[in-house]
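**Q** Starting from the known structure of chain A, fit chain B onto it as the hints suggest.
First to last, the sequence lines map onto chains A and B. Quick note: to get this note's numbering, add 605 to the position in the first sequence (first position is 1). Quick note: to get this note's numbering, add 605 to the position in the second sequence (first position is 1).
Rather than coming from a laboratory, the hints here were simulated on the basis of the structure. Incorrect hints may have been included.
Which copy is meant is left open, because identical chains are indistinguishable; a pair holds if it fits in one copy or across any two.
Derived lysine to any residue pairs resembling SDA-like cross-links, with alpha carbons at most 25 Å apart [stated by the list, open to error]:
{"hint": "1", "residue 1": "Lys-732", "residue 2": "Glu-720"}
{"hint": "2", "residue 1": "Lys-744", "residue 2": "Ala-731"}
{"hint": "3", "residue 1": "Lys-744", "residue 2": "Phe-659"}
{"hint": "4", "residue 1": "Lys-744", "residue 2": "His-725"}
{"hint": "5", "residue 1": "Lys-744", "residue 2": "Gln-622"}
{"hint": "6", "residue 1": "Lys-685", "residue 2": "Leu-670"}
{"hint": "7", "residue 1": "Lys-732", "residue 2": "Pro-713"}
No experiment lies behind these values; they were computed from the predicted model shown.
As a plain string of letters, each chain reads:
2 protein chains.
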Amino acid sequence: MITVTSFVWVPEFARGQVRDVRVRWALEEAGLAYDNRLIGEEQASPAYRLEQPFAQVPVMHDGKLGLFESGAIVMHIGEKSEALLPRDPEGRARAMCWAFAALNSVEPFLMQLAEIDFFHADEEWAKLRRPGAEEMVRKRIGEVSAWLGESDYLEGRFTAGDLLMASVLRILDHTDIVKTDPRLGPYLARCLARPAFGRAYAAHMASFGEG
Amino acid sequence: MITVTSFVWVPEFARGQVRDVRVRWALEEAGLAYDNRLIGEEQASPAYRLEQPFAQVPVMHDGKLGLFESGAIVMHIGEKSEALLPRDPEGRARAMCWAFAALNSVEPFLMQLAEIDFFHADEEWAKLRRPGAEEMVRKRIGEVSAWLGESDYLEGRFTAGDLLMASVLRILDHTDIVKTDPRLGPYLARCLARPAFGRAYAAHMASFGEG
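Excised from the complex, chain A in its bound form:
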């Protein structure tokens, strides 16, 4: 009843980082089975654009309902499972705050740095810009770290907000910026040690062999 799209092939450096990982992780936390639907050349087709306006993955179908944007899909799965979204209105609303914080207040800065490192490292503008981009990342990372303090999770217990924040922090796996933060390093390791993430990651990586 649930299907999730993923790419049949991506370059080596992108494996493990494509956004279907986030949705697979949420489904594993929720204990919901799903079928994987591999997307190859049809990524560029008008038909797939009707499912995903930006020609990306993942798209999730839940019965007749078609959803795009990993953030929206994770929240949709959360509404089916207390493992991701607390049932009390306050806990639910706070998880939603952190979901948007991860994707709108943290990820854009980390993506700027990752794009410099992966796509533009040899370009003059990127060399000039990198220190400023890293400074912005460290500021935001520091603010999340300060909020976290000595807590295990952003709001006391694991929620969809942590799932998305950890997914965003993973973007800088090629640097030591998150790893060496005394709070966020252990936080990220704690989130990624969850069996649900392990299953999601393994399924994601295995899917590239299926093309």
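**A** Coordinates of chain B only, in the frame set by chain A:
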């Protein structure tokens, strides 16, 4: 019962663009009254960081519940009002997809261009990078435009997804990129012509005189 924070002062170029506009707009669409709480020097205080981990506005209090991130707040308001979120599960889920699309798939690219224009225009890296940043913006804008087609709104009727997409498209008001798009130009004008936006914008601008 509802309070929303906004800054007592911001530079001229930022007036009209601070994110409390999005929340004020959502409250006006929903027909919910609110009190404005002006934030000045306390922006940098540890107490305000407990309300807003990034020391920004807006924070909304709804009774005892404290919320941050304009996207999360708009969705919270949407749950109180069909004016923003359709009551049927499919319409609701699709609005959520576009809310995340606006904030995670469109806004980061527009913000990169706006940051170059407003904060780094004279820097060498920014001059070298601007054409590439504009190209990315045009790609994403074009994808939203293609999706919209001849429709008035992204999913047939106005939702929180349109509110956030229009708020994001406004970021490039200093350029003609959105205005000259044959679909998105009229779409943005249509969204901003809504009386609720007019009231929200006026209240936002008036608040700077209250410091």
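**Q** Please go over all the hints and tell whether each is borne out by the structure.
**A** Structure-based check of all given hints:
1. Lys-732 x Glu-720: both (12 Å within a copy, 18 Å between copies)
2. Lys-744 x Ala-731: Answer is both: 19 Å inside a copy and 21 Å across each meet the 25 Å cutoff.
3. Lys-744 x Phe-659: Between copies, since 9 Å is at most 25 Å while 30 Å is not.
4. Lys-744 x His-725: For Lys-744 and His-725, both the intra-copy (22 Å) and inter-copy (18 Å) Cα distances are at most 25 Å.
5. Lys-744 x Gln-622: both (23 Å within a copy, 22 Å between copies)
6. Lys-685 x Leu-670: both (14 Å within a copy, 23 Å between copies)
7. Lys-732 x Pro-713: Classified as both; 19 Å inside a copy, 21 Å across copies.
Hint compliance for this structure: every hint is met.
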